[in-house]
Every structure is written in structure tokens, then in C-alpha cells.
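Asks: All chains, please: the whole structure from these sequences, using the hints.
Number of protein chains: 6
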Amino acid sequence: MKIKVINPNTTLEMTEGIEHAAKSAARPDTQILAVSPKMGPISIESYYDEYLSIPGVIEEIIKGEKEGVDAYVIACYGDPGLQAAREVTDKPVVGIAEASLYLASMLAARFSVVTVLPRIKTMLEELVDSYGMSRRVVNIRTTPLSVLDFEKDPERGMKMLEEEGEKAVSEDNAEAILLGCAGMADFADKLEEKLGVPVIDGVVAGVKFAESIVDLGKKTSKLKTYKYPEKKEYTGLLDTFGDQAAVK
Amino acid sequence: MKIKVINPNTTLEMTEGIEHAAKSAARPDTQILAVSPKMGPISIESYYDEYLSIPGVIEEIIKGEKEGVDAYVIACYGDPGLQAAREVTDKPVVGIAEASLYLASMLAARFSVVTVLPRIKTMLEELVDSYGMSRRVVNIRTTPLSVLDFEKDPERGMKMLEEEGEKAVSEDNAEAILLGCAGMADFADKLEEKLGVPVIDGVVAGVKFAESIVDLGKKTSKLKTYKYPEKKEYTGLLDTFGDQAAVK
Amino acid sequence: MKIKVINPNTTLEMTEGIEHAAKSAARPDTQILAVSPKMGPISIESYYDEYLSIPGVIEEIIKGEKEGVDAYVIACYGDPGLQAAREVTDKPVVGIAEASLYLASMLAARFSVVTVLPRIKTMLEELVDSYGMSRRVVNIRTTPLSVLDFEKDPERGMKMLEEEGEKAVSEDNAEAILLGCAGMADFADKLEEKLGVPVIDGVVAGVKFAESIVDLGKKTSKLKTYKYPEKKEYTGLLDTFGDQAAVK
Amino acid sequence: MKIKVINPNTTLEMTEGIEHAAKSAARPDTQILAVSPKMGPISIESYYDEYLSIPGVIEEIIKGEKEGVDAYVIACYGDPGLQAAREVTDKPVVGIAEASLYLASMLAARFSVVTVLPRIKTMLEELVDSYGMSRRVVNIRTTPLSVLDFEKDPERGMKMLEEEGEKAVSEDNAEAILLGCAGMADFADKLEEKLGVPVIDGVVAGVKFAESIVDLGKKTSKLKTYKYPEKKEYTGLLDTFGDQAAVK
Amino acid sequence: MKIKVINPNTTLEMTEGIEHAAKSAARPDTQILAVSPKMGPISIESYYDEYLSIPGVIEEIIKGEKEGVDAYVIACYGDPGLQAAREVTDKPVVGIAEASLYLASMLAARFSVVTVLPRIKTMLEELVDSYGMSRRVVNIRTTPLSVLDFEKDPERGMKMLEEEGEKAVSEDNAEAILLGCAGMADFADKLEEKLGVPVIDGVVAGVKFAESIVDLGKKTSKLKTYKYPEKKEYTGLLDTFGDQAAVK
Amino acid sequence: MKIKVINPNTTLEMTEGIEHAAKSAARPDTQILAVSPKMGPISIESYYDEYLSIPGVIEEIIKGEKEGVDAYVIACYGDPGLQAAREVTDKPVVGIAEASLYLASMLAARFSVVTVLPRIKTMLEELVDSYGMSRRVVNIRTTPLSVLDFEKDPERGMKMLEEEGEKAVSEDNAEAILLGCAGMADFADKLEEKLGVPVIDGVVAGVKFAESIVDLGKKTSKLKTYKYPEKKEYTGLLDTFGDQAAVK
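Those sequence lines, one after another, are chains R, L, V, H, X and U.
Under numbering that gives the first Met the number 0, the first residue of the first sequence carries the number 0, and numbering increases by one thereafter.
Under numbering that gives the first Met the number 0, the first residue of the second sequence carries the number 0, and numbering increases by one thereafter.
Under numbering that gives the first Met the number 0, the first residue of the third sequence carries the number 0, and numbering increases by one thereafter.
Under numbering that gives the first Met the number 0, the first residue of the fourth sequence carries the number 0, and numbering increases by one thereafter.
Under numbering that gives the first Met the number 0, the first residue of the fifth sequence carries the number 0, and numbering increases by one thereafter.
Under numbering that gives the first Met the number 0, the first residue of the sixth sequence carries the number 0, and numbering increases by one thereafter.
Worth double-checking, as some hints may not be accurate.
As the list claims (entries may be wrong) - Only pairs whose alpha carbons sit at most 16 Å apart, straight line, appear in this in silico EDC-like list of lysine to aspartate or glutamate:
| # | chain 1 | residue 1 | chain 2 | residue 2 |
| --- | --- | --- | --- | --- |
| 1 | L | Lys218 | V | Glu191 |
| 2 | L | Lys221 | V | Asp214 |
| 3 | R | Lys218 | U | Glu192 |
| 4 | U | Lys22 | R | Asp214 |
| 5 | L | Lys1 | L | Glu64 |
| 6 | U | Lys221 | R | Glu191 |
| 7 | X | Lys218 | H | Asp188 |
| 8 | H | Lys37 | V | Glu232 |
| 9 | R | Lys37 | R | Glu12 |
| 10 | X | Lys221 | H | Asp214 |
| 11 | R | Lys221 | U | Glu192 |
| 12 | X | Lys22 | H | Asp214 |
| 13 | H | Lys221 | X | Asp185 |
| 14 | R | Lys22 | U | Asp214 |
| 15 | X | Lys22 | X | Asp185 |
| 16 | H | Lys218 | X | Asp188 |
| 17 | R | Lys1 | R | Asp214 |
| 18 | H | Lys230 | V | Asp148 |
| 19 | V | Lys37 | H | Glu232 |
| 20 | V | Lys37 | H | Asp238 |
| 21 | L | Lys37 | R | Asp238 |
| 22 | L | Lys218 | V | Glu192 |
| 23 | L | Lys221 | V | Glu191 |
| 24 | L | Lys218 | V | Asp188 |
| 25 | H | Lys218 | X | Glu192 |
| 26 | H | Lys218 | X | Glu191 |
| 27 | L | Lys22 | V | Glu192 |
| 28 | H | Lys189 | H | Glu154 |
| 29 | X | Lys37 | U | Asp238 |
| 30 | V | Lys221 | L | Glu125 |
| 31 | R | Lys218 | U | Asp148 |
| 32 | L | Lys37 | R | Glu232 |
| 33 | U | Lys218 | R | Glu191 |
| 34 | L | Lys230 | R | Asp148 |
| 35 | V | Lys22 | L | Asp214 |
| 36 | U | Lys230 | X | Asp148 |
| 37 | V | Lys230 | H | Asp238 |
| 38 | X | Lys230 | U | Asp148 |
| 39 | V | Lys221 | L | Glu191 |
Bear in mind the hints are in silico, worked out from the structure with no lab data behind them.
Replies: Structure follows, in C-alpha cells:
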């Protein structure tokens, strides 16, 4: 089976890290296709970045339909464009935030998310609430580090995650930690060892859930909310989106 | 004062209708600048359309910062890109869905939304919930008509709104009706007369609230969630977004 | 247009302050009629005070119907009698708590209320919840000062608001501050300057929203919840309420 | 023990009916003091009536403090003035709506309220929600009859309750029926026999809970929310409320 | 009347304490039958213990049907097996957690639970939420003591409850304290005296509510959720449960 | 890897069906161990049955710890004993209701459950709510058939599921159907073909999620809520539970 893992930002080093994590989790017969969109931001740390990453994500989904992809994983902790992605394909599409939340729910009663800059806290609160997980997520902890800071200085990143993770356990009563950024996959094992509670990376969770859904032969419901978009005219920079093969 | 009303789709006839509604509600000394983005879909009826309309909306906000705009209204009932818009400017930005919900709350205890195609029902349910209004919105009623159907055949549009509006009153116990599409502004008065309950159009509500906020000298909080986006590299079609004047 | 701003308590100095705030926000052609009821408490700091202020508030609304009033603002942060007020008139009635919450929602993602004595915290929590705003209001902060303490010793009042406002920003992650008492209008600007986040006074918000609704020609829905009260016998001190012109 | 049951409206025939129901439920050694306030409406069917009944209710509580009352029951299904009543006494005060909801919760998993005129539906929805009971109350069913219609034509009242009760069972899947008006106590037994599910009258529930709390020697918490009101000046018709013995 | 109070654990000293509390609250003509099941754990401090206590609890209810019991109280703060108990009898069954929550709601606006080991915090959070009381319960405070520690060293138990109770009042703004374990009944009075707020023990609350419901002649609804279980085969250790007299 | 699938009831024909479904979904190298407990009911259709099935389920988990089991699936749609199961092992334990809800959430925006007898509707509503899925589950539809009716007369079962499934699609706007009983696995494919929307069986979903979690090397958090139960005395029929190897 072929799973396309889309890193919604354009930092290829990060895409490589995500690819590595995805492959480490995938079954031997699962082919991982890890990509960054052709357009968009090098990192996602605001609503601005998030919304502007979506056209690139959608384009990669649409492209995937010709690449024989069986399932998609959107590998950014805001699950950018997830519902639109489900519209343009009938293959399963999994967001790493939702995957991490469902996985955590099967392993722990209460948990905290540890993530990047403070400004995305509200965004993640709203996301968690939209998945019905507000009662289980006891806190969303931020660090002063940006997405790329974690790439550039992993040692400092690890230290920060450890600090916040420890507070999550001792102050929030969190019984598991969710890594709130796709670029944190590498830290999961070390952090789990340090903290003594499950540390959940959404990328590997997303890949396993995608494999599972493909194995079960299940597809996205095309009845109403996730029907294919209506064919219509698009103009300007985004004009090609009106005439995509995936638009019915 | 100058209020920029952005119709997130690229159908100029609809922008004109929105402009007309906005001007009818604005004070004489308020200048209405009604625009459609340079890029994007001719109508918004899916998550796909909605997300792909956002880059154009944001571009118009950023452009507005050089046009001396005092406040912005996003004139599509999904409030597309609203939070990102609040990041790129410190001027107030009002979405027409939120404006209609707050206005309705001051006039009626329970209300229903009447809107276009069935597929957007879930989208609006989630939106209403994100504004804390689930208890007041008793139903979201759809019609078989698309956004542009209302433009092309207003008579049929009116008939459909009337039918669903009557059911909202008699079956949902709705005490006001919210028009769930920016292109429905023209129907408001006639429908209100027919139904005998307030019929709320978000465009005019949005304009009045924008005027109010400007009068009060209030600006968007730049403390955390709505801080200016961090300056960073953008690539591909959207590369200009990395170097916008509004990005700090 | 004529807007009647009702200070539900009987402290005329406070009514003057409210009048001053209302006039500073109103358009030149808006006439502000600021009044205190003929009966009731000199300040409202308990359910007891709140409920006992309502007959006076209702009386002022009913009186307003003969005074050619176009809209009403109830200027106490508990919005006392708001639903009853909507029953006795078809003109719009706006509460300052609801107005401040809607205004804040258009400017900030999360906010705190700062108010008077600790005992009203529960009352405001229930109020905020009834408006669907529990997710956005991160804290309701009280001070040891009563309503009239703020009148008598504004300097101390300002100091207290500043202290709690700073904690709201640093501890609650509030991105805007709502002033939880109609007598605090004067502090808004100074406090906003100190704190660097929007500080919202409900009186001016209420006046602007009332103006907006009148401009739009909208009236309270008389379909069900806010129908005129049924004419019926009232006895004792309140006997005149059975035969009010506004009761149908 | 002495329990004062306050019928918040001034219809003495109804007070007698309530007295009768209360006595039928009270233990032999419990003295029931059933009263109507000296002021207020002859029936309560709007926010207007409800708020205007509260001064009379509070006055009866304050008077009760000199009458050696051990507990109070507020016998109107909107629980008017309940929180203020808890402020002016440290004796337990029970509302019949809350009593009926807690009693029903111990007997049935899901239930419906059947009540008077349609206009009070929203009021009861908000009340039920404030008690945390929205998930258990599956419907609030109204009849075309007013409070006094049930007094005047009990046969028609019974017929209506039966009709709505049957629909509650068959359409709402209600497993118990709550009578949403203090004047319906007499119908409870007959209706229960007809419908085959528990039919709960709040008056008798309130009396039994009041007896229980007195037996346990428990009093209202005077720590914060329900502290005695601060002594302060009241003016006009309600001036006596500033100098009540119960106000500290 | 005969009320059977079931201590779901098998520690007879604790059953005696519960019996003592129940009798102190019951009316002279109420017969209290306090029992422990024949099978199950000596204390309940985990989901494991809780679920394994339920067969014993149910057996005692079924046995009670032949003992002429009029009402049942389940005296463990997790209300173990409450819904199943309501299925096997039409007599009222009251859980002490629910009883304490309803009683507290009639006495205080906000309250905290103080209970045994930290591991049961989640369990109680879910329980409180299932009763719709999340908004009123401001905190669930645990102690390092187990159920039996409170039996063995009451002095230390009292000290711990006092410590957490004081924090509940000063830090949580709790206006009443609920004792989160049936074995804490003895501490209630002393703690109430110390803390100056109502301290609620569920055992006595449960007994009084059970008496009230019996007095009112009310029974559990047998319409749907709480119908008698269908007769069916049970095997193994629990085989007698298939052929109980109470199973229809 | 070895996955133990526990059918909480003792009907071996049903266990075989569940085994068949589980094997059809499992990877070739996954060993499925499908069992029924030694004690308990032949079917689960009430709280009574559910609670009485739990000791048997727990026993099978504890036994599994010596059988080299890597993960457990509890194959009854009430997820009986799930939290206790997580206490007695550190291997992942998945309930089929939760698995079906998470899987459905990745495929459809809104869905309905179709299940057995009407009496379990409330039970499932509470379950769905405890997983935070109330907003997504639009209805829980019951049939007049018991669990074993589906075993005995599959043709009639299929007809009923089809009827309710069609209503779910046309009346509830459900975009996927969840089969609310472990014995319905066989119907999933045919039903999906008929209805044209995803039909989700929890057994196969549970097996795939269990495989995924094992692949990821994740274990249940033993920090607090799911710590091993404390070793303690158990008496009577259930005395062996006090001294289980899994109790620490």
C-alpha cells in the first residue's frame, strides 16, 4: 500500500525527519511517500501560515490521486485543510492531531499537549474542542521555541520538551504527553523514557491509522459533507484549482 | 471612515450586491470599498472552496493596510480566514456569520439559519458552535440551491427562502431567521415582511459593527493569538506572502 | 435617534458618569437619555440587589415607550431584567454585559472580566455561560472594592483594576479585559494604555450596538419568548404593573 | 418543624391547592405555612411576571425569619428569586423546579417537562441548563393553557396534560413526566396512573427535600455567593428592602 | 419503612460506621438495614474494585426484594452499579454521590469534593460530569490516604480532610465540601465546625432522599432504560444471576 | 503478535463470529485469540448484564498476561470494564465502541449508531458522550431485536439494520453507520453496499487499532488513573480477584 505523508510546510529537512518517522512506523510492505507542497510557508506558527499552507496540501492530495496513493496523512499538528482534503479524494485522510488524540485516549485518561510558540495555544484549544477532547486534554503547554528552532537546536528543543513534560505530569496530572508539532517525532522515545508516561507523536499514529483504514477497505463518506467539490471557475494564482481531475 | 468589505468569491455581480447592501446600511460619512480577491473560486460551497478563498481574502486585507482602511468585513457566511485576517492587521475585522449571530442574540431568544446547499450544514454547525451559539441556533436549514442559483434566479431563491423560513418558524420555533449567504442580503426585507420575525443579513450587521468598533477606537488585540505573523520564507505560487508589509 | 440608557441603581452620580460615557460614544445625532429608576438599590452587588432593581428598570422601559425612545441600554454588568425588558417593548434592548462580550469576541480570542466584590463571581460565571462565552472568558477577577468604592475613591479603584488586569494578562493569558461594572467606564482608556490590550467598557459598546440596530431598522422578535406580557391583575406595591400601556 | 411554602403569585385559590399538596406530603409533625406575597402578579407566564414576583417572594422569606421558619419552598416552576432568597436567610430554600429535576433523576434516565403556555419554553430550557440537566430533559412540552386556565377548567387541563404526556412517552422517549407548574399538583396521581411512568410534582418534592435538609441540620453556605446582602439605601416603592432585618 | 443501606465493600467495621451515620439521620420509624455484600473487595479505590463490587451490590438489592425493603442506598462514592440496581427493583435506589451533589446544590453555588487516593480523581470527574454537575464542582481534591487508612487512623484522616478542606475554601472558592467516601461520615460535623461551610456526607443525604421518595410513593420508571433485565442464562461463578426472582 | 479478543458474553457461536471477523481484519502474522469468559450472561442488553459481564472480562485479561498477549480488544458495544481492564495490564486495551467512533470520525462528519433493543439507548448515549462524540453522533437507532435474535435469524436482522440504516441516512443525515453490537460484524459489507455510506464494525476497527498500538510499542499509562490495582482482600465468589498476579 502507498501512503502519502504531506508535511504542509516547505522545509525539506523537516519532511525528511517526518519521512524517517513514518517509515519507522510503517509496515515493510507500506510505501511511504513523504512530500512538501510546492507552495507555502517554511513553517506553520499562526493562522496565517496555516491557512496559506492549505492550497499546497490540497494540491498534493489531488496529485496523489494520479500517483496511486491509498491513504494520506497530513503531518502538521493543526491538521490544516483536513476537511477539504477529504472532499477531493475518497481515500482516507488522517490528520496527525486527531490521530494523536485518539491514540492517547486509548492509553491514558488525561493528557497534555506540548507544542511550539505560545501564540498557537488558542488554535490548538479550538482544535481539541472540535474533536470532542476538551475533557481529556488537561493542558496545552507551549515553549518559547519556533518550529525551526527544534530543527536547528534539537538539544535545546529536547530540554524544553522535558521541562514542560515534567510540569505536565506533576502540575497538570497528565498521564500522557502529546507532541504538538510534526517536527518533534524524534524526541518521542527519549522523552517517554525520561517521563515514564506514554509520549505520543502524531506522525506515527497517523501512519498506523491510515494503514488500518486501508486494510479495512474503508473510504471517506461521499454522501454530504465530504462530497467532491462542485466544478467551478477559479481565477488568478489559484486558477488551476477549478479544473482539477478530483473536482467532480 | 473607510470600511473594506471583502466578498471572498470572485463573482463581481455578487460583490456589487454586497456593496449595495453595505452602502444601504453604512452611515453617510462611511466609505464602503467592496472588492473581490484577485484569486479564488466564483462561489464558496465546500471546505475546498472556503480554504482556497482565504489567500485572496488575506491579500485584500494586506492591501487594505496601504489603502487607509479603518475596518474590514469578510462577507461570506463561513467567515473564511477571519482569524488570519486579525493577525495581519490591528484594525477590526468582522465576519458576517459572527455579526449575524451576535445581532440575532440581541433580538431573539432562538433562531435558525437558512442557507444554500445541504453539504455546508456541518460546516455551519461547527462554526456556530465555535461562537458559543449552539444553544440559540435551533436549526440550520439548507435549500437545493447553490450560491449562484440565488444570483441567477432570485425569484426561485426567494420562494425557497420563504419555504424554509416558514418551516423554521413553525417547526423549529425559530424567532428570527439568519440568512446564511452574503448573496441573500436583498431578500431580507421581503422575507421579514412575509414571516413576521426579524430576518438578519450578516453583511449589514457586519458593516454596522465595524463602524461601531472604529467609532470606539478599538483595535484587535496583538498580545498573543492575533499577533502579527512572524516573517518567514514562502515559496511557489504564494511566495509573496512571506514578505508582506503586514508581516512583522 | 433617542437611546435611553438605564442605570439600574439609584446613585445619580453614577448615572451621570454613565451618561458621560454614553455621550462620548454616541453619534452627534443620537440623543442619550440617561436615567436611574425611581425605586431600587443604590448599588447592585448581590442577587438580592439585582432582582430588586428589575421593577425599576422595567418601569423605565415602559415609560420610554411614551418618550419616543428608539432603543434601550441596561447599564449594569448583570444585565438585570434584560429578557423582561425585551417583552415590554419591540424596540431593541441591549445589556452591557452581552455587548461587551460580543465586542470583545471580535477583538480578542480569550479575555477576562475584572469586577467588584468576590460574591458576584458566580453570578457573572452563570451570565457568561448563558451567553455561550464560557470558552472565551478565561477568568472573572474580583476586587475587594464595592461599586460605590469605585465612585468614592477612583484612584484606589484604578490601582485595583490595574493590579487585576495585569494578573489577567500574565496569569490568565487574557488578550483583552472587560470591565465588569457600569461605573468603571472612566478607567477604560487609562487601563488600556497601561496594559497594552483592549479594555472594553460595556456602556459604550451597548450604545454603539443599540445605534446599529436602530439604523438597521431591526426590532425585537415578538413571536414567542419575547411576546408582550399578558394583561393581568397585579396587587400591592407593584399593582401598577398589571395595567401598563406596554402590556398587551 | 415549620416549612413556609411561598406561592409567588397572588392567586389564593392556587395557594390553597399548593398548601393542600404540601400538607399531603409533609410529615405529621411538619407545620406547613402556605402563603402568597402581598404584591405581584396573579400568575407567572413571562419573564416580566417572573421578575415582578420576586420582591414579594423575598419579602415573604424575610418575614419568615421572624416567624420561626425552618425552611422555605418557592412554589413556582421558574424558581423565581431562588438565589436572592438564599442570600437573605441561612435556612435552606428549595425551588420546586430544581427539586423535581433532582427527584426525577433518581427515578428515571430521561424525562420531559409538561407545562403551560409556549412562551415559557425558552425560560425553562435555560433553567434546566443552569441545573446541569439538559442531557436528561429530552423535551419541554407546552400546552395552549395558561396557569389560571388549569385552575378554572381542571378537566380540560387534565386532558391537555394527558395528551402531551402521552406524546412525551411515545415521541420523546421520556421515562418520567415533570409537571411544569405549581398549580398542577392535583393532576399528578391521575396522570401517573394513565401514563404508567412516574409523574413528578415539584411542590411535594420540594417539601420533602426541605424536611430532609432541616433534619440533617444543614444550612445555606454564607461564605461567598449566598452571603447576606450588604446593608444599603433603597428608594421609592421598594425602600423598605434597604433596612430589612435579614440584611447584614 | 425499611431502607437497606449497602456498603459495597466487605469491611464490616466500615459498614457499622455507615449504619451508625444512617441511623443518626433516619427518622425514628425508619428501619435501617446496613449490609456488606457476601463477595467483593474490602475497599474500593480503582475501577477494578468498583466493577468487582457490583455483583455483590446487585445481589443485595435482589435479596432486598424478599426482605420487604422500601428503598436502597448504595453507600460508596462511585455509586457502583446504580443503574443496574434500578433495573432489578422498582423501589427507589439512591447513590450517595448523586445524593450529596443534589443536596449541596441546594445549599451552595460552588463546591469541592475531598476524597481518598489520587487515582480515583478521574473516576469522580466522570461521575460528576454524568450528573451534570461539572460547572458546580470546582475541584476534586485527593489525599494520600486509602479508604482503610481513614478507618485505622481517624485522627490523621481528620487532619488530611481539614488540610484539603481549607485549601478547597481558600484556593478553589468552594462554598461547601463534599466528603468523597462513605467512610468519612463521622468527620462531617467536626469538619463543618472547623471550615465554617456546609460539609456534606452522602450517606445521610442518601437516607433522607430515600425516605422522601418512599413517603411520596414514587418508584423507579420501568418504561425503558430501567426495565427489569430480560431472563437469560448466566454461567460460571455468576450463574445464579440468570435466575433471580427480580429478573423478569 | 498475539491479540486477545474478548467477547464479554458467553454465547460461543457469537464468539466464533467475532473471531472470524477479527481474523479477516488481522494481518497474517497477527494471532487472534477469541474467547468468552468463564462466567457471565449469554448476551448483554442491560446495565445488569453489562456489569455482570465485567468480572469475566477482567479475568480473561488477567489470564492473558500469562498467555503472552500483546493487546486486548473488548468486543461488546458497551465497552464493559474497559477502564478496569486498563488497570490490570500495561498492554493496550481497546473497546469496540471507542474504536468504531474514532474510525468513523476519520471517515465521516456525522454518523448514527444502529443497535439492538430500545432499552440500551440511554446507555449508549452516555457512552458516546463520555468519548466526547455527542456532536458527531446524530442518532442512536434501536431495533426490536435482541442480540441473540441477530444470531438466530440473520435475515431478519439484516432487514432491520437496512431499514434503520436507511432512515439514519435520510432522516438523521448520517454519513456513516456504526454497528452497535459485536454480533453484527457479518452484516457490515452488505449493508455498506446497500446504503452507499461507510458501515463501521467495531470488532475489525478494534483489532486494527490494537495492532497499530502494538506496532508503535505503546503501552497503557500506569501513572495514576490506570495504575495497577492495590493488592487487597476479596471475599466470597470473587475471592480470587484479590490475589491476581496482575494486582500489584
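Asks: Each of the hints needs a verdict: does it hold here or not?
Replies: How the hints compare with the structure:
With a C-alpha separation of about 11 Å, the suggested pairing of lysine 218 of chain L with glutamate 191 of chain V holds against the 16 Å cut-off. Taking the CA atoms of lysine 221 of chain L and aspartate 214 of chain V, the gap is about 31 Å. The hint is violated against a cut of 16 Å. With a C-alpha separation of about 12 Å, the suggested pair lysine 218 of chain R and glutamate 192 of chain U falls inside the 16 Å cut-off, and the hint holds. Simply put, lysine 22 of chain U and aspartate 214 of chain R have alpha-carbon atoms about 12 Å apart, close enough for the 16 Å limit, and the pair holds.
Of the pairs offered as hints, the one joining lysine 1 of chain L and glutamate 64 of chain L holds, with about 11 Å between alpha carbons and a cut-off of 16 Å not exceeded. Restraint check for lysine 221 of chain U and glutamate 191 of chain R: satisfied, since their Cα atoms lie roughly 13 Å apart, inside the 16 Å limit. Proposed proximity of lysine 218 of chain X and aspartate 188 of chain H is supported: the alpha carbons are some 13 Å apart, at most 16 Å. Under the criterion of a C-alpha separation no larger than 16 Å, the hint pairing lysine 37 of chain H with glutamate 232 of chain V is consistent with the structure, at around 13 Å.
With a C-alpha separation of about 15 Å, the suggested pair lysine 37 of chain R and glutamate 12 of chain R falls inside the 16 Å cut-off, and the hint holds. Taking the CA atoms of lysine 221 of chain X and aspartate 214 of chain H, the gap is near 31 Å; set against the 16 Å cutoff, the hint is violated. Distance hint between lysine 221 of chain R and glutamate 192 of chain U is fulfilled; the C-alpha atoms sit about 13 Å from each other, no more than 16 Å. With a CA separation close to 12 Å, the supplied pair lysine 22 of chain X and aspartate 214 of chain H stays within the 16 Å bound.
Restraint check: the Cα-Cα separation between lysine 221 of chain H and aspartate 185 of chain X comes to about 23 Å, which exceeds 16 Å; the hinted pair is violated. Proximity of lysine 22 of chain R to aspartate 214 of chain U is assessed by CA-CA distance (about 12 Å); at most 16 Å being required, the pair is judged to hold. At most 16 Å may separate the alpha-carbon atoms for a hinted pair to count; lysine 22 of chain X and aspartate 185 of chain X meet this at roughly 12 Å. Taken as a hint, the lysine 218 of chain H and aspartate 188 of chain X pair is honoured in the structure, with Cα atoms around 13 Å apart against an allowance of 16 Å.
This hinted pair checks out: lysine 1 of chain R and aspartate 214 of chain R have alpha carbons roughly 12 Å apart, not beyond 16 Å. For the hint linking lysine 230 of chain H to aspartate 148 of chain V, the alpha-carbon distance of about 14 Å falls within 16 Å, and the restraint holds. Of the supplied pair hints, the one linking lysine 37 of chain V and glutamate 232 of chain H holds, its CA atoms being roughly 13 Å apart against a limit of 16 Å. Between the alpha carbons of lysine 37 of chain V and aspartate 238 of chain H the distance comes to roughly 10 Å, so the proposed pair stays at or under 16 Å and holds.
Of the supplied pair hints, the one linking lysine 37 of chain L and aspartate 238 of chain R holds, its CA atoms being roughly 10 Å apart against a limit of 16 Å. Note on lysine 218 of chain L and glutamate 192 of chain V: the hinted pairing holds, with a Cα-Cα distance of about 12 Å set against a maximum of 16 Å. A hinted pair counts as satisfied when its Cα atoms are at most 16 Å apart, and lysine 221 of chain L with glutamate 191 of chain V qualifies at roughly 13 Å. Proposed proximity of lysine 218 of chain L and aspartate 188 of chain V is supported: the alpha carbons are some 13 Å apart, at most 16 Å.
Annotation: proposed proximity of lysine 218 of chain H to glutamate 192 of chain X holds, straight-line Cα distance about 12 Å (limit 16 Å). Under the criterion of a C-alpha separation no larger than 16 Å, the hint pairing lysine 218 of chain H with glutamate 191 of chain X is consistent with the structure, at around 11 Å. For the hint pairing lysine 22 of chain L with glutamate 192 of chain V, the CA-to-CA distance comes to about 34 Å; that exceeds 16 Å, so the pair is violated. Between the alpha carbons of lysine 189 of chain H and glutamate 154 of chain H the distance comes to roughly 12 Å, so the proposed pair stays at or under 16 Å and holds.
At roughly 10 Å between alpha-carbon atoms, lysine 37 of chain X and aspartate 238 of chain U fall within 16 Å of each other, so this suggested pair holds. For the suggested pair lysine 221 of chain V and glutamate 125 of chain L, the alpha carbons sit about 29 Å apart, so the restraint of at most 16 Å is broken. At roughly 30 Å between alpha-carbon atoms, lysine 218 of chain R and aspartate 148 of chain U are farther apart than 16 Å, so this suggested pair is violated. With a C-alpha separation of about 13 Å, the suggested pair lysine 37 of chain L and glutamate 232 of chain R falls inside the 16 Å cut-off, and the hint holds.
With a CA separation close to 11 Å, the supplied pair lysine 218 of chain U and glutamate 191 of chain R stays within the 16 Å bound. This hinted pair checks out: lysine 230 of chain L and aspartate 148 of chain R have alpha carbons roughly 14 Å apart, not beyond 16 Å. For a cut-off of 16 Å, the pair hint linking lysine 22 of chain V to aspartate 214 of chain L stands: about 12 Å separates their Cα positions. A threshold of 16 Å between alpha carbons decides the hint, and for lysine 230 of chain U with aspartate 148 of chain X the separation of about 14 Å falls inside it, so the pair holds.
With a CA separation close to 26 Å, the supplied pair lysine 230 of chain V and aspartate 238 of chain H exceeds the 16 Å bound. At roughly 14 Å between alpha-carbon atoms, lysine 230 of chain X and aspartate 148 of chain U fall within 16 Å of each other, so this suggested pair holds. A distance of roughly 13 Å separates the Cα atoms of lysine 221 of chain V and glutamate 191 of chain L; the hinted pair therefore holds under the 16 Å criterion.
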